[in-house]
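J.: What follows is each chain in one-letter form.
Protein chains: 4
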Amino acid sequence: MSYPSGRHFLQIPGPTNVPDRVLRAMDAPTIDHRGPAFQTLALDILELLGPVFGTKGPVVIYPASGSGAWEAALVNTLSPGDTVLAFDTGHFAALWREMAGKLGLVVDFVPGDWRHGVDPGVVAEKLAADTAGAIKAVCVVHNETSTGVTSRVAEVREAIDSVGHPGLLLVDAISSLGCIDYRHDEWGVDVTVAGSQKGLMLPPGMSFNAVSEKALQASAGAGLPKSYWDWRPILKGNRNGFFPYTPPTNLLYGLKESLAMLYDEGLPQVFARHARHAAAARAAVRAWGLAVVCVEEREHSASVTAVLLSEEHDADKVRDLILDRFDMSLGAGLGKLAGRVFRIGHLGHFNDLTLLGALAGVQMGLQLAEVPIHPAGVEVALELLRA
Amino acid sequence: MSYPSGRHFLQIPGPTNVPDRVLRAMDAPTIDHRGPAFQTLALDILELLGPVFGTKGPVVIYPASGSGAWEAALVNTLSPGDTVLAFDTGHFAALWREMAGKLGLVVDFVPGDWRHGVDPGVVAEKLAADTAGAIKAVCVVHNETSTGVTSRVAEVREAIDSVGHPGLLLVDAISSLGCIDYRHDEWGVDVTVAGSQKGLMLPPGMSFNAVSEKALQASAGAGLPKSYWDWRPILKGNRNGFFPYTPPTNLLYGLKESLAMLYDEGLPQVFARHARHAAAARAAVRAWGLAVVCVEEREHSASVTAVLLSEEHDADKVRDLILDRFDMSLGAGLGKLAGRVFRIGHLGHFNDLTLLGALAGVQMGLQLAEVPIHPAGVEVALELLRA
Amino acid sequence: MSYPSGRHFLQIPGPTNVPDRVLRAMDAPTIDHRGPAFQTLALDILELLGPVFGTKGPVVIYPASGSGAWEAALVNTLSPGDTVLAFDTGHFAALWREMAGKLGLVVDFVPGDWRHGVDPGVVAEKLAADTAGAIKAVCVVHNETSTGVTSRVAEVREAIDSVGHPGLLLVDAISSLGCIDYRHDEWGVDVTVAGSQKGLMLPPGMSFNAVSEKALQASAGAGLPKSYWDWRPILKGNRNGFFPYTPPTNLLYGLKESLAMLYDEGLPQVFARHARHAAAARAAVRAWGLAVVCVEEREHSASVTAVLLSEEHDADKVRDLILDRFDMSLGAGLGKLAGRVFRIGHLGHFNDLTLLGALAGVQMGLQLAEVPIHPAGVEVALELLRA
Amino acid sequence: MSYPSGRHFLQIPGPTNVPDRVLRAMDAPTIDHRGPAFQTLALDILELLGPVFGTKGPVVIYPASGSGAWEAALVNTLSPGDTVLAFDTGHFAALWREMAGKLGLVVDFVPGDWRHGVDPGVVAEKLAADTAGAIKAVCVVHNETSTGVTSRVAEVREAIDSVGHPGLLLVDAISSLGCIDYRHDEWGVDVTVAGSQKGLMLPPGMSFNAVSEKALQASAGAGLPKSYWDWRPILKGNRNGFFPYTPPTNLLYGLKESLAMLYDEGLPQVFARHARHAAAARAAVRAWGLAVVCVEEREHSASVTAVLLSEEHDADKVRDLILDRFDMSLGAGLGKLAGRVFRIGHLGHFNDLTLLGALAGVQMGLQLAEVPIHPAGVEVALELLRA
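Residue numbers (our numbering), protein chains in the order written: chain V, 1 to 387; chain D, 1 to 387; chain Y, 1 to 387; chain P, 1 to 387.
One thing to keep in mind: the hints can contain errors.
Treat identical chains as interchangeable: a pair holds within one or across any two.
[What the hints assert, rightly or not] Computed list of lysine-lysine pairs in BS3-like fashion (alpha-carbon distance at most 27 Å, straight line): (1) K102 x K214; (2) K102 x K336; (3) K336 x K256; (4) K56 x K317; (5) K236 x K256; (6) K236 x K336.
Because the hints were derived from the structure by calculation, they are not lab data. Note that the structure is predicted; figures quoted are calculated from it, not measured.
Looking at chain V on its own, in the form it has when it is part of the complex (with noise of 0.2 Å):
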C-alpha cells in the first residue's frame, strides 16, 4: 500500500473500534487494587453491568480473553464424562466443542451447515430422548461471529422447558452483547459468556461470565478441576469490591465508561442502531448479487454480515487487496469458510458514514479483484440509510 493517512477502518467484527473516551478513560495510572478508590470502582462496575446481560444476578469478571470465559462455565458447572448437547452452527461452537473435549466433557454434538443456527427442535428432540439424563448441559452460541448467523435463544429455553428436561443452558453471547437483545434472567440462561472487545467496545482482554441461580448450585456439585475460574472465590471477594487475584485494573475504568456509553445512547437504540446498520449492510451485499452465509431471515447477525463468494474466486485475495489498497481490515472465513467467505463487522462504536465508506471499500475492493458484481450496493444502502 501506499502510505498510509487517515483511520484504519477496522471492519472486523472484533475487537472493535475502542472509543476515544474509552481508550482515554484507560490511560490512567494504575491504582492499588486493594484500597478504597479501586472498591468503589468495582462496585459501581458490578452494579452496572447487569443491565447489559439482562440479569439481576451476579457477573463474574475474569482478566482473559473470551475463550476463558467458555472455559469457566463450563468447569464451573459441569463434572467429568458429563454430557453436554453442543451445534455445528460455525467456527466458533467447533472450538467451544473442542475445549469441552480437552477438558473432558462428552459432546453429543448436532451436525450444521454452518448457515443456519440452533434449530429448538432439535434441541426438544436431543433432550426428550436424554430420559438417562446423560445431558448436563445445552451450549448455544447466540451470534455465531464466523457466519454472522443468530440463534434464537429464548426459544431453545422453551424447547429444553417445553421436554422438562433439567439441563443448564449456557450461551456464547461474545460478538451479540451490547449489540442484540440480550436477555439473561428473561430467557432462563444459566451461564453467559462474553468479552470485552465487541459490543463492549474496549480492547480484548476480560471477559465474564453472568451465573444464573441455578448454575450457581450446580457448581456445589461440579467436579472438574478449577482455580483461576472458581466463581466461589471471585464472588466472596466482590461483595467488598475485591478480587481474589489482581484485577485488570485499566480495563475496568475503560468498562465504566463504555457501561456509561451504553446506557447514555440507551439499549433498545444500541440494539436498533446495529440492526439497522446490518440491513442495510445485507441490502448492498444482495445488491452486488452476493449471497450473504445466512440464509434464514429470523437469524440475521446485527452485529456481522458473512459473505459467501462462488468458488473461482478467493476471499483473502479480497481482504487483501481491500486492505493493502483502502486500509480497511474485514474478518476472514475461518473453519471450512476459509478462503470461501469474508465477514463485515457492523458493530460497537460505529455510524452510518463509517458504514458507507466501508461498503464503499468492499465494492471497489470486489471490483478490483474482479469478483463479478453489480456495482449497486452502497447506492442501495445510501437509500436505506437516508430513510
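Here the structure of chain V is known, so what remains is to put chains D, Y and P in place on it, guided by the hints.
T.: This is chains D, Y and P only, laid out in the frame that chain V set:
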C-alpha cells in the same frame, strides 16, 4: 440527533483530524523549556520545518492562532502608513485587509468575486503603476479556505518581478501548507504565514512565519510597534533551541510527530493524495448538479471544496441537518457567502473511505433537505477513487 | 546521567506538572470551533473562569503565551507616548518594561533590589507627583517568578486611590493565579494578566486578560494599534460562545478539567496548600543555612522559593548536577540573578511527598556540589509538614 | 483526606507505576489480531521477551493475571495425583499450594516462618528421600511479595541436581522479573511464571510462562485437563505471530514499549537500581528502630521491603492514615501477617527522589500513628542515596 455513536466526521477545512499518533505524542508531561531535553526537541523541529515550507531559511514559531502569524508578518516588515496591495479573493483575504487597516497600514484592495484567485496580470499592472513606490508588500492568500480557490503564487512573484517592483510578497498558506505543493524559496515568497491546525494535523494554537532574507532586512527598518511578534529575539533564542517566552511545548511534541508522518508519506505523495480527493469531491458535486464556487480549473483547491446552492436553499440548514442526522461537521459559508455555501474539507489526515463516507453524508443530507440533486455523486466519486 | 527511571521531578516555577486528568481531557479530537458542541464548551468555560480570577467581569482568552497577554493589556488600554509606572522587582517586571518601550510607551521605572515587592508608599508618592496626569497605568507583577517575592496588590490599589489618581492598575498574576489568593474585582485591578501553565496546571499556549469596566472604557480611546489582541471582537464573539479566530480547542478541554479540579479542591484549600508548601520550603532553605531571595516576611511567594548562593558557588552547576543525578529540574536564576540563584517551584498539581522528594534532591545536590550546608533542611520540612 | 493534589504515591509491591510512555503506547486503537500489523508486533515481542527472562526458549503469553500463569505451569506439566514439593515461605506460596490442591495435585508443603526463603538443603533432603519418584515438581516463589524474602533459585536447582532427582523446577518470578537478576536457562528453571504489573511496568491483565525443553517434554504426558492454558496451540500459533484466541493487543503495545525501556536502561543497571533502593529502604526501617520481615541478609528482596510492627500497633491503621494524609498506598500484611506488617514497594518505574518522598511519608505516618520510632530513617536513606 439521536445519541452519536462512532467517530464524528470532521469535514470542515480545519481544524482537521488530529492523528492518534499526534494526540498521543502531545499527551505527555510538559518539560522545562530551559533545559537540555527541550533544547534538543526545538533544534530538531526547527530543522524539520524547512522542507514543508520549501525553505532553507528560518521559520518562526508562535504560540498563537494563524491570525497572529498574519499580524506578525505585517508588523515585522512594515511601517505605519505603508501601503499593501491585497485582493478581495474571499473571507480570509478580507479579514487580512481589515487587520492591516487596524494596524495603521493603507490597503490597496483589488475587488474580486470570491470565485477567482489573484490575477497575476493585475498584480503587474498595479505595481507598474506604483511609480512612487508606495506599495511595500503584496498580500496573497494562497488557498482561500472560504472559497476553495487557490491563487498561483509563483505567477504572482513573476508578475512582481516582471515590472521590477521591490515589494515584499506575503503569503497566507494556512490551509495549503502540507496539502498543496508550496515553495517559499523557489517562489520568492518573503513571509509565509501558516498554522498548526490544517495540513500539519495539529490542534490549533501554534502558527508560523517562514522568513526570507529580504524580509529580514525589511524588518530592520519596519516601524510598526511590536514585541510579542518580533522575529529578532525569537530567531536569536532559536539558535540555541530556546525561545524568549514560554513556547507551546506540547504542541511542539505533536509537531515533531506530524512532520515525521508527512515526511514518511512523502510530500509529493501527500500533495497527490489531496489533489485526488479534491478531484473526487468536485466530481461528486458536479454529478449532483451543483456548482463549485471556484470557476477556474487551474485554481481548484486541493484541500477544500466550496459548494454553492441556489438562493432558495439555505446552506446552513443543510449543514445543521447533516450534523444532526449524520454527526458530520461541514464548513459554513463565510462573509458574503454565508447561507449560500457549504464547504467540504478533505485535508490533513484523511483517506478514500472517509471521503466516501463524507460524500455519502452530504448526498443524503442534500436529499433530506430537499435540495434537488441527481443522487449520483457518491457513485461518480467511487468510480474515480477506484481507478 | 544514568538512564532516567521513574517520573521526572519538574520543580521549576512553571510550566507545572499537568495532572493526568487534564492531559487526558486534552487528548481528544479537535472539534468544529463554529459548531454547537464548541459553543457549549466555551460558554461553560467563560462562566467557570470568573471565580479563579475573583471577578464577575469578562475574561478574555488568547491562544498565546503569557507575554502575549501582557501585550494585550497594554495595547487595549493605552496610546502611543502614554506613561506607565512600573517597578524593578525582578526579571519579569524588567521584561514587561522592555515590552512597553517597544510598543511606544514611556516607562517610569522605579528601581528595586529584586528582593522586595512593589512599595505601595512609592506608588502613592509617584502618583501624587503626577499632577499632569501623564501616568495612565500602574504595572505590577503580583508574584515575581524570578525572585519569589509577592507584591501586595490590594495595598497598591489603596495607594492609587489614596491620592485620587485615575491610573489603571495592570497586574501580572501569571505565577500567582490559582496558587495565591487573588481578587481582581475586590482589589480594583483593571487588567489581570494570566497564563495557562502555572496554577491552572495546563501546558503553555493560552493566556488571559481579566478586564474591569474601567479598562473596557479605556479601551475605547486607546490608540495603540491592535488586531489580534483587540478585546472587542473577542468579547463580542464570546457572547455566543465563539471566537473571532480559531481558539486553542484542546487547551480549552484541559482548562475545563483543571478548573473543575481547582473548584473541587476549593480555592481557599488550594491557597492554603501552596502557602504550607512554601513555608516548608523556606524552612528547609534556612535550615541549610542559605538565604531566600525575598527578605520581607509578608512578601514570601507561595508558589516559588528563590535560593541565593554566595558568590563562590555557581547555582547553575548545582542545578545541572541535580538534573543529571536526580532527574529534577529547578528554575535558573534569571537576568541579574543568573548563576547566583536557583528556584524551587512548589505550585500547581503538587503534594507533601513530592515536595519532600524535591527538597531531598536539593539537599543531596547541594552537598554533592560542595556548597557548605547544614544537612537539616529535609528534617525541618518533615517536621513542619507532619504537624 | 483533604482533596488529593499532585500524583498519588503508589508504593505497593505491584501493580507498579506505569510509565507515561507505556500508557501512551497502550492508548491506541486495537488492530486486527489476524492481520499483518499484528503479526509484526507479536513476532517482535516474542523475540524481545527472551532476555528479561534469561532464556532462549519460548515464552507463552496469557491474557490473564499472574495466578492464571501459575495454573498454566501446573496443568501443562502435571497429572492428577502428582506430588509437588512446595514451601511455606509466604502468602503467595500458600496460595499456590491451595491452587495445586484444587487442581488435584498432592502438595508436600514444607513449613516455614515467612521470614526465610526456600532452604536448598531441605530441597535436597526431601528429594533424596523421594526414592519412589512421587515428586514431579518443585515449586518455588522467587521473590515473596508478601514478605520481601527472595529465595536462591540457582541453589535450589543445584540441590535438585545434587541428588539426581528428575523433578521439574517451577518458579514464580512475578515480583522479581525485571527487578532482580533472573536466569531461566542458566538456573535450569523449567517453568517461570511472571506477570505484567510488576517489573514489566504494565497494567495487570497479562502473564507469562517461560518454558524449558524439559517442561515441553513433560507437557506431552501431562494429564491435567486444559484448554485455555494449553501451551501447544499457543506455541504453534506464535510461530507465525498469531494466537489461538484473541490476544490482549493493547497490553502488547505497552509490553513492547516497556521492554524497550528496560533494555535501554540495561538489565544490569535495572537490577542495580532496585538493589540500591532496597538497601536505602532497609536502612531507613532499621534507623526507625523497626524490624524488616526478612532475616537473612542474602535473602533481602530488591523489590519490596516488609516492615514488622510490634503487636500493640495495627499496621493497617498506619497504612490508612498514610493513605488519608499523604495520598500514598502501601502494601498490607497478607495472610498470617495481616495487621502486623506493611510493605513498601520500590520496584518498577522508580527513582531516588520518589523513594525519599515515600520514606518521608512512612516516617511521618508512623509518628502520627504514634508508633514509637527514632525519626532518622529519611536522613539515613538520604546519606545512602547521596553516596
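J.: If a hint holds in the structure, say so; if it does not, say that too.
T.: Now for the hints, and whether the structure bears them out:
When the C-alpha separation of K102 and K214 is checked against a cutoff of 27 Å, the pair qualifies both within a copy, at 25 Å, and between copies, at 23 Å. For a Cα distance limit of 27 Å, the shortest separation of K102 from K336 inside one copy, 21 Å, qualifies, whereas the shortest one across copies, 38 Å, does not. Taking the closest pair of Cα atoms, K336 and K256 never come within 27 Å of each other, the shortest separation being 38 Å inside a single copy and 34 Å across copies. Within a single copy, K56 and K317 get their C-alpha atoms no closer than 46 Å, and across copies no closer than 36 Å, so neither meets the 27 Å cut-off.
When the C-alpha separation of K236 and K256 is checked against a cutoff of 27 Å, the pair qualifies only within one copy, where the shortest distance is 21 Å, while the shortest distance between copies is 36 Å. Taking the closest pair of Cα atoms, K236 and K336 come within 27 Å of each other only across two copies (19 Å); inside a single copy the shortest separation is 42 Å, beyond that limit.
The structure fails hints 3 and 4 (numbered hints given earlier, in ascending order).
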